[in-house]
Amino acid sequence: MTGRLSLVLVAAVLAPVALAGQRRGAAPASAPVFTDVTKAAGITFVHQSGATPDKYMYETFGSGVAWFDYDNDGYQDLYFVNGAAGAPNALYHNNHDGTFTDVTAKAGVAGIAGSAASKAYKTGVAVGDYDNDGFLDLYVTAFGANLLYHNNGNGTFTDVTAKAGVAGSATEWSTSAGFFDYDGDGDLDLYVDNYINFRRTDNPYCGFQKPGYRMYCSPTMFDGTADRLFRNNGNGTFTDVSRAAGIANPSGKGLGVVFCDVDADGRPDIYVANDQVRNFLYHNNGNGTFRDIAYGAGVGFDADGKPQAGMGVDCGDIDGDLKPDLFVTNFEDELDTLYKNQGGGLFADVSSTIGLRSSYLPLGFGTKLFDYDNDGDLDIYATNGHVVDNVALYRPSSSYDQKDLLYENIGGRFRDVSAQSGPAFQVKRVGRGLAVADFDNDGDLDVVISSVGRPPALLRNDAPPRHWLTLALHGTTSNRFGLGALVTVEAGGHRQAAEVTNVASYLSSNDIRLHIGLGAATSASRITIRWPSGKTQTLTNVAANQILNVKEP
Amino acid sequence: MRLPVHPSCAVSIAVAAIVCATPAFAQTPSAGPRPATPAAATSTEPVAARLGRVQADLYGRAEHLEADVQELKAILGIDPNLAEAHMLLGLAYRGLGKPELVGESKAELQEALDLKPDLIPARFFLAEVYLGLGRYENVRDEMQTALQQAPGQPQFLAVLGEAERHLGNPTRSAELNRQALARDPTFSRARYYLALAQLDLGERDQAIANLEQVTAAHVPEPDVYLSLGNAYLDASRAADATTALEHAVTMAPTRADAHIALARAYRTRGLLTKATEQLTLAKPAGDAVQPTEGYQQVEADLNVEWGRLRLRQGQLVAARTAFQKAIDIAPDNGAAHQGLAMIYLRQRDYAHADAEATRAAALGAPLSAADRQTLDAGLHRPAAGSAK
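Chains Z and Y, in that order, are what the protein sequence lines are. Heads up: the first sequence is residues 1 to 553, going by our numbering. Heads up: the second sequence is residues 1001 to 1388, going by our numbering.
Heads up, some of the hints might be wrong.
Stated by the list, open to error - Restricting the straight-line Cα-Cα distance to at most 20 angstroms, the calculated cross-link-like pairs of lysine-lysine (PhoX-like) are:
1) K551/Z <-> K39/Z
2) K535/Z <-> K551/Z
3) K306/Z <-> K1325/Y
4) K210/Z <-> K55/Z
5) K106/Z <-> K55/Z
6) K210/Z <-> K1325/Y
What the hints assert, rightly or not - Label-pair distances were calculated between CB atoms; the ranges are:
7) P1185/Y <-> T171/Z: 40 to 48 angstroms
8) A264/Z <-> R1183/Y: 41 to 49 angstroms
9) G234/Z <-> R1183/Y: 53 to 61 angstroms
10) A1209/Y <-> D401/Z: 56 to 64 angstroms
11) D54/Z <-> L1201/Y: 26 to 34 angstroms
These are computed hints drawn from the structure, not numbers from a lab. Backbone N, C-alpha and C define an ideal beta-carbon position, used for all residues, glycine too.
Using the sequences and the accompanying hints, generate a full structural model.
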């Protein structure tokens, strides 16, 4: 079904927002692109790693961060997951003026209530409206039982984990997770990455037997654990269909997950970045099952055929051929990997030839493909940090805290512009979670980064203004926020295709709205939306620099 | 001490014959002549035939491991749920002997078992990976499961026995390996593991006898010769030790532990120039410090042996430096503390010698009776102005 809707009917054009992108003058080339505004924004959260001399692996894991508009006021709020058992997560309400207010207590999302939650080491966060009530819900993963918070729509949340049946095992170590509608029934299902089979009582001593030299063990010492897929029953409960769906590979050590339709068959596929074992690409068969096609597609290993230590992951079209490519951050001495989608179910690792060489030394975690400079293509942000806090004892050239990387996309190749992008890129952090959103609704995408045992960094995008569009989808037959919709934008003789998803990076969740940079184009001549329901909707002559609310016809 | 991860069935000690012929694997096609590069095989060929060729290589001489990996990946690209292909890929990775592939080897074997739980060889190969990782309880779990599926299987008994030894049960280890040998008296691996258990039990002469029996079978396994050489040294049979350890070094010229052991043998026999040569060869390549227990052990052993050699040469300053390096790497290295005690003893610094000797004894490396007697005598007659 194709719908053509008048902008007058479907677009809530926010005048102040439309102007915001033009508020700043053209910045000189040397101006900082990202400015750390954490303190000014009133963010006081500090991650607690719970580190002990016993070097339990989860202590170095870090935690995720999520952007989501929990109160539907049009502004992205911010949720930080905290690590150590008993350390509270934090929800910050966006005050619309560049500042935030901690509303954790009122919202009831600290994640430490109840005996199971109080003992869990919290890791990741996923956001989705699982009950299609128009309010985004929260799923918090952990080494321990996971939590599902239902958004009550009044600024509070209710722990519905038990009712929903999505806690997972209390001994499981869950990591990244995400909501998506894999079976096309209009409600959101839940995929949960699981890491390794770890027990506090089985914590081998690794490193030298010398004071100060004990180190976190390699994941190779431990077995993997199968991921979980929870099918939404449509009544507030879920069914674990992992095994039947074919995604329960026990050898996986999942850290990152992303959903995208790699073969344009209209169904979301799943890509899982695993740590030190090959990655999985689960092709959606359309009948409730998946088939791991990583071997055939060439996305399980690097170009040399080696498995890598995959951490963060994202999916997006980096070269303008309208096919989604895959990006993975990896361990030190491994390039971050860009798998170019060649069509026909085949990918090629182009990492070594496309300008990513500076990613070889850092240890990458959270990442996002996004158009930071609104020039109409996807750039790359990666935050880095080692997993071994005393790595310098063994390798003096390495360090626990490391600098972030920013790559600008120039015609499908990348240039490391970190050094030219402001003081934020001179700061070393133990980067883990990373999420992207336009939190000030000024038409460019901002970044938040979590750091192990430290405060996070909120980096406001101050790039010179260009034109842009943000689409906020409102599904009717499809899931309420249009996750999985494929949007094609034609502007200035240029076409871009992107899927609506907030799932990417490491342990984190991004702005659920779709942001498109338009460069010099002042309007989009055509926007085509293929909704998850199968409906297709076309908008024409859409003015740039607005947040466009689009309802599924 | 443990056997390293072996490249394949073929180079494991007599593993291949039984495991590789288990009924679970009988369904795979028999091997025909293989091309020089298996990956170049025609992709239109039936998967079963391609798999059979790879299997023949891996269970044979394992001469085409890289090509086998490529071919298995190609096969899994066609059928990702082929358990046998996952198992062979895990085996091929292990054969490549690269540390960065150990995890992937394990993962492939686990995936094979997830797809086909009765694929017994995969369980055995997985247990071997666990053995290499020092995950002995996992070895025990896998082999106990395997023995339920194939009761009395000698290889499973042997590997289970070796795990039990590492878990501190040498008596049980010896018992299991004796069971394996009762079923197959020619099974060298079980005899080797039995010898290791006997060494743990203090039955050195029996252990040496078993190790000699294994070497008489010309098993191409440097660890056997290394174990035998070390046992000879402990039995004060330095000449025999030299012969065994020279074998080990010839078989594994890059093994630092073999060079160190041979240096010890040479030093014991007064062949100090040869000892120096061996220690020079034992220096790990590169300057990068590897954060592994094995690396730490080798580095500590190397420095201890340098210290002993320098002590023997009367170079006390160099000896002390070497022992201190060993202690810096591994503070609880008893041999290094013993070496320092010896230096102090030579210098008639009895108080320090006593402190180091006490520490060494607590760490299981006491002074010899004669040296202890000298020290005790010195403590009652402290030397004035002892040099440090």
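So, going through the hints one by one against the coordinates:
1. For the suggested pair K551/Z and K39/Z, the alpha carbons sit about 37 angstroms apart, so the restraint of at most 20 angstroms is broken.
2. Straight-line distance between C-alpha atoms of K535/Z and K551/Z comes to about 12 angstroms, which keeps the hinted pair within the 20 angstroms bound.
3. Of the pairs offered as hints, the one joining K306/Z and K1325/Y is violated, with about 36 angstroms between alpha carbons and a cut-off of 20 angstroms exceeded.
4. Distance restraint check for K210/Z and K55/Z: the Cα-Cα separation of roughly 14 angstroms lies within the 20 angstroms cut-off, and the hinted pair is therefore satisfied.
5. Under the criterion of a C-alpha separation no larger than 20 angstroms, the hint pairing K106/Z with K55/Z is inconsistent with the structure, at around 35 angstroms.
6. Proposed proximity of K210/Z and K1325/Y is supported: the alpha carbons are some 12 angstroms apart, at most 20 angstroms.
7. A hinted range of 40 to 48 angstroms for the beta carbons of P1185/Y and T171/Z is consistent with their spacing of about 45 angstroms.
8. Look at A264/Z against R1183/Y: about 58 angstroms separates their beta carbons, and that is not inside 41 to 49 angstroms.
9. A C-beta distance of roughly 59 angstroms is found between G234/Z and R1183/Y, which places it inside the suggested range of 53 to 61 angstroms.
10. Take A1209/Y and D401/Z: their Cβ atoms lie about 57 angstroms apart, and the range 56 to 64 angstroms holds.
11. Between D54/Z and L1201/Y the beta carbon distance is about 33 angstroms. The supplied range of 26 to 34 angstroms therefore holds.
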